[in-house]
Each structure stands twice: as C-alpha cells, then as structure tokens.
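Number of protein chains: 2
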Amino acid sequence: MTKTKIGLIRVVSFKDRKIAELHGKLIEHHYPILQVISRCIKDQPKGIYNDETEALAIPNIVELGLEFEKEGEVKAIIISCAADPGVKELRKKLSIPVIGAGSAVAALALTYSDKVGTLGITEGTPQIMEDILGRHLVAEAKPDGVQTTLDLMNEQGKNRVLSCVKSIKENGAKVIALACTGYSTIAIAPELEKRAGLPVLDAVLAAGLAAWYFIK
Amino acid sequence: MTKTKIGLIRVVSFKDRKIAELHGKLIEHHYPILQVISRCIKDQPKGIYNDETEALAIPNIVELGLEFEKEGEVKAIIISCAADPGVKELRKKLSIPVIGAGSAVAALALTYSDKVGTLGITEGTPQIMEDILGRHLVAEAKPDGVQTTLDLMNEQGKNRVLSCVKSIKENGAKVIALACTGYSTIAIAPELEKRAGLPVLDAVLAAGLAAWYFIK
Numbered sequence: 001m002t003k004t005k006i007g008l009i010r011v012v013s014f015k016d017r018k019i020a021e022l023h024g025k026l027i028e029h030h031y032p033i034l035q036v037i038s039r040c041i042k043d044q045p046k047g048i049y050n051d052e053t054e055a056l057a058i059p060n061i062v063e064l065g066l067e068f069e070k071e072g073e074v075k076a077i078i079i080s081c082a083a084d085p086g087v088k089e090l091r092k093k094l095s096i097p098v099i100g101a102g103s104a105v106a107a108l109a110l111t112y113s114d115k116v117g118t119l120g121i122t123e124g125t126p127q128i129m130e131d132i133l134g135r136h137l138v139a140e141a142k143p144d145g146v147q148t149t150l151d152l153m154n155e156q157g158k159n160r161v162l163s164c165v166k167s168i169k170e171n172g173a174k175v176i177a178l179a180c181t182g183y184s185t186i187a188i189a190p191e192l193e194k195r196a197g198l199p200v201l202d203a204v205l206a207a208g209l210a211a212w213y214f215i216k
Numbered sequence: 001m002t003k004t005k006i007g008l009i010r011v012v013s014f015k016d017r018k019i020a021e022l023h024g025k026l027i028e029h030h031y032p033i034l035q036v037i038s039r040c041i042k043d044q045p046k047g048i049y050n051d052e053t054e055a056l057a058i059p060n061i062v063e064l065g066l067e068f069e070k071e072g073e074v075k076a077i078i079i080s081c082a083a084d085p086g087v088k089e090l091r092k093k094l095s096i097p098v099i100g101a102g103s104a105v106a107a108l109a110l111t112y113s114d115k116v117g118t119l120g121i122t123e124g125t126p127q128i129m130e131d132i133l134g135r136h137l138v139a140e141a142k143p144d145g146v147q148t149t150l151d152l153m154n155e156q157g158k159n160r161v162l163s164c165v166k167s168i169k170e171n172g173a174k175v176i177a178l179a180c181t182g183y184s185t186i187a188i189a190p191e192l193e194k195r196a197g198l199p200v201l202d203a204v205l206a207a208g209l210a211a212w213y214f215i216k
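Taken in order, these protein sequences are the chains called A and B. Once you know that position 112 of the first sequence is 112 in our numbering, the rest is easy, because the numbers rise by one and skip nothing. Once you know that position 109 of the second sequence is 109 in our numbering, the rest is easy, because the numbers rise by one and skip nothing.
Simulated from the structure, these hints should not be mistaken for lab results. Heads up, the beta-carbon is just placed ideally off N, CA and C, and yes, glycines get one too. Treat the hints with caution; some may be incorrect.
Said to hold, decoys possible - Straight-line alpha carbon distances no greater than 30 Å define the calculated BS3-like cross-link-like pairs of lysine-lysine that follow:
1) A:Lys75 <-> B:Lys166
2) A:Lys174 <-> A:Lys93
3) A:Lys70 <-> B:Lys158
4) B:Lys142 <-> B:Lys216
5) B:Lys174 <-> A:Lys115
6) A:Lys15 <-> A:Lys5
7) B:Lys25 <-> B:Lys46
8) B:Lys3 <-> B:Lys158
9) A:Lys93 <-> B:Lys166
10) B:Lys15 <-> B:Lys158
11) A:Lys115 <-> B:Lys5
12) A:Lys142 <-> B:Lys158
13) A:Lys115 <-> B:Lys92
Claimed, not checked - Which chain B residues stay away from chain A? Per the calculated CB distances, all over 10 Å, these:
14) Lys88
15) Asp114
16) Asp131
17) Leu209
18) Lys216
Stated by the list, open to error - Stretches of chain A that chain B covers, calculated by requiring three or more beta carbons in the stretch to come under 8 Å of a beta carbon on chain B:
19) 85-99
20) 102-108
21) 112-120
22) 178-187
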C-alpha cells in the first residue's frame, strides 16, 4: 500500500516525541493509507487554553504550515486543536487542504444528527464549532476543575470528564462532538460513548477523515 | 476483507436495476469495505424535484428504511438525495445511523472552507443544506433548462451544467458542494473540478464517507 503523507501541527510544545506523535498515530491507526508527520509549535508547553494563548500560537502555526508546504512532501495539513487556530490564516497562504480539528468534528456531527452536544475542557465550545453548529448546538458540558489539556492525563481528570457527560444527552443531544483534542490524547471517546449512551466523535479522527477524503 | 452492508434508498423509481444501483456502486468503488444494498421508492419515476414530490416520497422512504432495519442486515442507511427527504423521520424511528446526502455534502464542505458554493439542478440549494451552511453559503448556481435529474443524462444537459459552474468561484466560494445526487449518477464531479478550478464534492460520496465512519 502506497501511503500518502499529511502534516499534523500540535499546538502544545511537547518535548516527548511519543506524546507529540500520539494524534498522528491515532490517525495512522484508523486510516492506514495516511502517514502523518507531526510537528509541535514552539514555546507553549501548556498549549492553547484561552484567547491569549491562541493569539500567541497562530504565527507559529502559520510558520509550521508554510514549512510543510515548502518541503513539498505532505498532501494536506491538520491543525490538531478544536479551536482551529491558524486554519483561516493558513488557508489563505497554502494551496493544499488545511483541516481544523474543530470544524471537522462539528461538521461530522451534523452528518449524524441536527441535535449536537459538545464536550469542552476549559472554555466551553470553541467559536469555530459554534459557527458551524449554529442552532444545531443543543447542549454543552465541561468537567469541573480541569484547566489545561495536561490535567486530563491523570485519573482524577478523567473521572471528572466521565461524570459530566451524561448531562449532554439529558439536554437533548443525539451525538457528542469532543471540543478539545486533549480528549484524543487520552483516547477517551469509547469510554464516554458507554457512559453517555450516544456516539462520541473524536476531533482528531474527524480531521483525519476529512484529510483522507481530500487527498484521495 | 469482511465487508459491512449498508442500505441505500434511491428516491427515483428506476426500473433499470443497473441505474438504480449506480450510487451504491460509486460508494463501493470509493469505500471498498462497504457493500451497498440499493432500493428505490415506488411510484416516482421522475424522482423528487419540488416540495410536492418530496412530500409524496417521504412515507415511501420511511417504509424502505423500516424494512432495512427489520431485516437486520445493514449497519447504516443512506438517503441518496440532497434534500435529505425522510432523514429526520427515519432517525426518530431507527437505531442505526441514517445519513442524508445533502447534510453530508454540506458538512464535508465545511471541513474544507468557510466559503461554500452549491450547484443545484432545479430548485437551488435544498433547505437542509442551507440550514447547515448558514452564512458559509456564499454562492449558488444551477443550469438553465434542466427540469429533473433525468435531463442530466444527455449531452445537452451536461453542457448546461458545465457552463454555469464558473460563476460559483467568481462569487467567492472556495469549494463546491453538489446539491443534487443526479450529479453523482453522471459522475460529473471531476470534470466540474477542472472547469471550476475548485474542489467539487459529490453528495453520494460524502454520504458514503459519513456512513463508513459511523459503521467502523
């Protein structure tokens, strides 16, 4: 099988190569035709968790995107963050598809139902997901006491997520779009599906699905 | 490779089995893991082309959907029409995913750009696609002199489509969502891409993509 390379931009400056490559590996596992080259933005060890950290990240995301296209190896680029930071900016500069995890998972949810719930981490539903979901966004939840994506990597953070997800179904949603790619890092979607009794859509996998479609 | 069966409902009462199965074959070709069982609604040889014919079709679509689920063989159902007729009704009755070609292609377009154009046949953009695209719908076009999906099956109809597609790019769209599955029947998307200079998304293939994701 000839694999097609895509670029993936992590918006957390992970030093650990294995952690940096987790989203890429998840995509490769689900879409074996894709080979993912993962790169992290510089100087943001805590990632994006509010407007300020998002604004800081955008020039670095654009820089990585330009670098990917200049090298000419990848056929599409994924920005692995549910807020789609830098996606609009990069689309203006690049000729290859630029897929944002947030827009991808919101869109995928709309293929399943017109009643969508989101599960965020700190800031609720990112603006780009609200824009796409519009009046189809019927429920939102986020765990108490979680500040950054790193807090999800321990047992306490995970339990907090599991205990808040039920309210989304109670509020009328028929499908849940994960509104943070930190959830992909801990691959919590299957467990959440059982707990919530609804399909739970992973933002990184949704981005991989779109990238796979557009490179075909 | 173990194939997964999905059901596909055609909203035109084709007598010719080969034509009836065209959308299913297209999906099988692009997603080899899927095996598509195609069925046509009864009594509508001209298909759905206005509100009246849509209203007529819905009970028949629901009947076919219930039949698919009762037989227990398929893991998802596609309604192969860009107006998503019967999708809402069937989702209330069935436990397997029900994918509409219109919502699927509109959603897929949003993973690529926030500036989407649609290419309809007779009635412009179906309501369900307008609902999903919202303010991201920036351009619409439809060919002159085409009344039903059958008119696309001759050379004159095809030429009329090709000559109207350029205006979509001129009006600012960055991607085109085909707003009628009649375009899938004539597999015109690649030719339209060349003419329009933009990615052109086929509604049947978009529905296949979503179905494939949800049966995994």
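Hint check results:
no.: 1; hint: A:Lys75 <-> B:Lys166; in the structure: holds, 25 Å
no.: 2; hint: A:Lys174 <-> A:Lys93; in the structure: violated, 37 Å
no.: 3; hint: A:Lys70 <-> B:Lys158; in the structure: violated, 38 Å
no.: 4; hint: B:Lys142 <-> B:Lys216; in the structure: violated, 36 Å
no.: 5; hint: B:Lys174 <-> A:Lys115; in the structure: holds, 27 Å
no.: 6; hint: A:Lys15 <-> A:Lys5; in the structure: holds, 23 Å
no.: 7; hint: B:Lys25 <-> B:Lys46; in the structure: holds, 21 Å
no.: 8; hint: B:Lys3 <-> B:Lys158; in the structure: violated, 34 Å
no.: 9; hint: A:Lys93 <-> B:Lys166; in the structure: holds, 22 Å
no.: 10; hint: B:Lys15 <-> B:Lys158; in the structure: holds, 23 Å
no.: 11; hint: A:Lys115 <-> B:Lys5; in the structure: holds, 26 Å
no.: 12; hint: A:Lys142 <-> B:Lys158; in the structure: violated, 50 Å
no.: 13; hint: A:Lys115 <-> B:Lys92; in the structure: holds, 12 Å
no.: 14; hint: Lys88; in the structure: violated, 7 Å
no.: 15; hint: Asp114; in the structure: violated, 7 Å
no.: 16; hint: Asp131; in the structure: violated, 8 Å
no.: 17; hint: Leu209; in the structure: violated, 6 Å
no.: 18; hint: Lys216; in the structure: violated, 8 Å
no.: 19; hint: 85-99; in the structure: holds (count 4)
no.: 20; hint: 102-108; in the structure: holds (count 5)
no.: 21; hint: 112-120; in the structure: holds (count 3)
no.: 22; hint: 178-187; in the structure: violated (count 0)
Of the numbered hints listed earlier, those contradicted by the structure are 2, 3, 4, 8, 12, 14, 15, 16, 17, 18 and 22.
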